[in-house]
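Student: Chain residues, written in single-letter form:
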Amino acid sequence: MGEEVKLFAVWGSPFSRRVEMALKLKGVEYEYIEVDLQNKSDLLLKYNPVHKKIPVLVHNGKPIAESVVILEYIDETWKGFPLLPKDPYQRAMARFWAKFIEEKCMPALFKCAGTEDREKAVEEACELLKLLENELEDKKFFGGENIGFVDIVADFIGGYWLRDIQEIVGVKILTRENLPKLCEWSDEFVNHVVIKENLPPRDKLIAYFRTRFGPKP
Amino acid sequence: MAEVTLLGLWPSPFVYRVIWALKLKGVEYEYVEEDAVYNKSDRLLEYNPVHKKVPVLVHAGKPIAESAVILEYIEETRPHNPLLAKDPHQRALARFWTKFGEDKSIALFTFFITEGEEQVKATKEAQEYLRILEEHGLGNKKFFGGDEIGMADFEFGWLNLWLPVMEQIAGVKVMEAESFPRLHAWIQRFKELPTIKQNLPDHSAMLTYFKDRRAFFLASAKS
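From first to last, the protein sequence lines are chains V and S. Be aware that the first sequence starts at 1, since it is given in the working numbering, and climbs by one per residue. Be aware that the second sequence starts at 1001, since it is given in the working numbering, and climbs by one per residue.
So here's chain S without its partners, still in its complex pose (with noise of 0.2 Å):
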């Protein structure tokens, strides 16, 4: 793969999917930081006119757009390391469990941005979809994709370091060791991973700038 950028945010669990298919796969790219949030650049808009959202990725100045799109293609260009199986079956369900991340991100987040009974509320749904993904998504297996990580496990990789963040700023905890034990221990094996390891925003400027957004979303929700 010649000439890859990568458009991103550095807080963006979306993002961070992407950096870590390009880095466990050794693919060599550019990163370009936009600030998608509060001042999208033209280039943003002109890669991503229908979302106006990171992550792109931008190959021999072709935009794709939306991290599970992205996922797949890095797979089938470069399929060194893959994130999918083989076996059909098995790849229907690394993108049935990677569909349910995406379908219930909102529900996931939510908590982070409620306070009072909304927030208990939500508390509640997210450790529902926890729960599933605990008992049906994991089950005994090492990581999503088995023995080895796929690409459901970048899905869910957020769990790992922005969930305990956002659950301290929040004064919320979600996900408890003792009710998601297997989670818990998948998130160990997870961030053990050199690829993981080495690919992970700093935690203290994370606290810094979740604190700032619940702040700001908090607000806009009174106003």
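Just chain V, same shape as in the assembly (with noise of 0.2 Å):
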């Protein structure tokens, strides 16, 4: 498909580099473009007036949002490197996975770094990486042999992000101690030829967390 396509993104986002993961495992040529999220720009606006947020994919001028939505639309648009299984049934278990990641994990994690009851909160979110560490049982991804669907949704916690936070922030959440197996897939997801490639830059990721989570002087 010969075609223009164009990423609303910010460089530290693991929502913006799902798609961006998902675009270079298909080879799928595209503009980025940086957002500045103090101050978004009117096409921003053009592009997701509902939610007013990135990533956006715009491809041939027709956007879409939410990164979920954008990975399903990726996947049915360029075959090469399938993010979904082919089975139905492991496709429902992907997107249930998924729906678990965004609504229950990410919400939980992001608790973790704020102020308020934050043991209730580690402890929450240590219960739930549970359940998604008995799902990846001893597979090397949850996409099986390969990267996939899941492994791109959970990029905060297999990518830098959620290890370096609950550094700065003083909590221990996904440890070997906890859970060995999410440990080791994180391992192989940050080494994986692609993904690493495609992570934000680590140092500039730990002064920004620095700021945002750091103690207080």
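Keep in mind that the hints were calculated from the coordinates and are not lab data. Don't take every hint at face value.
Dumping the calculated DSSO-like pairs for lysine-lysine here, alpha-carbon to alpha-carbon at most 30 Å [what the hints assert, rightly or not]:
| # | chain 1 | residue 1 | chain 2 | residue 2 |
| --- | --- | --- | --- | --- |
| 1 | S | LYS1052 | V | LYS130 |
| 2 | V | LYS111 | S | LYS1141 |
| 3 | V | LYS99 | S | LYS1099 |
| 4 | S | LYS1222 | V | LYS86 |
| 5 | S | LYS1099 | V | LYS6 |
| 6 | V | LYS120 | S | LYS1222 |
| 7 | V | LYS24 | S | LYS1086 |
| 8 | S | LYS1141 | V | LYS104 |
| 9 | S | LYS1141 | V | LYS46 |
| 10 | S | LYS1099 | V | LYS120 |
Since we're looking at a predicted model, the values are computed, not measured.
Hey, can you piece these two chains together into the complex? The hints should help.
Tutor: What follows is the structure, given as structure tokens:
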């Protein structure tokens, strides 16, 4: 499909990185547009009037918002390197776990970085990640032998985001004692040939987290 | 599709989405009522250990939970009377609005489980989301899916019967016809569809059930 693909994104966002990972895995060329969240452009507001957020993928002038929706679109449009499995039941399981990560894990993990009732938040997050680890079982990736839909949606957990935030905030969530299989998976994730080129620069991310979540002087 | 079972709870709009999809596509299934709120069965806990909720679709012994996931599964295994367009961009829009409905569902129901100032605030928030739905989601289309109903219509199908029941019991009008003419017109079209008309819970039973639920929520909030 000869075409114009643009992505409105933010360098440090796990949500827009999901989309970049998918595009890179499938070898899709795209124009990257960095968005200033403090100063949203008219173009972004035109393409995502409902949420006014990134990521937004614009394909031949047509915008799509919400990273998980974008991933499904990408998988349907570009057939190389399928993200979802072929079997309908396996697809349902992938969608179920993607939803679990998005709706349960992500909010719970963000709560851990907050200051309210942190101990309880960490306990809850650990319980949820335990369920995710059980789903992983002994697979290399959630997608099996290779990266798939769920791995990409779990990028916040697998990539450096969670590891670095938990260290800066001073909480223990994803540790080898707590979640050995998930830790192993996250090592595979960050070392994957395509993923490792598509994570935000780690030092820049750490500096950002220190500002945002670090102890105040 | 052989051997399909749906675990449900009769007043649940989430369950009804799945019922409508199965009926629209002519899938034979066995319905099993679960007391998913007060007395979860071992069967439910086995089939949905993560969320312990309904609906759960069990196909050839394999369970699937989460209504949006179930709908996608039914769509893929039974293409007859499709819920999603062929065009990928249209499909993305249907999924976007389905997700909007999922993400905002608590905010949309909160007016029902609150009172006083909290209810006023919750009503306003619900109306903001309904405004977005009216202008951006539905727009000038006949259905969310376009000329035919689709996945997103089922997502918002609860506006048809559940919302007026909840409004009546909670004593507040959230979606006035004058303020939301397009959504109201859509509701009229939606509820006339045979699949929907023939598959709705009993209105007076709903009133009783939801009256008890509101009382329960208000009492829990006080304790």
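Student: Run every hint past the structure and note whether it holds.
Tutor: Do the hints match the structure? See the list:
| no. | hint | result |
| --- | --- | --- |
| 1 | S:LYS1052 <-> V:LYS130 | holds, 16 Å |
| 2 | V:LYS111 <-> S:LYS1141 | violated, 39 Å |
| 3 | V:LYS99 <-> S:LYS1099 | holds, 10 Å |
| 4 | S:LYS1222 <-> V:LYS86 | violated, 50 Å |
| 5 | S:LYS1099 <-> V:LYS6 | holds, 22 Å |
| 6 | V:LYS120 <-> S:LYS1222 | holds, 23 Å |
| 7 | V:LYS24 <-> S:LYS1086 | holds, 25 Å |
| 8 | S:LYS1141 <-> V:LYS104 | violated, 33 Å |
| 9 | S:LYS1141 <-> V:LYS46 | holds, 20 Å |
| 10 | S:LYS1099 <-> V:LYS120 | holds, 28 Å |
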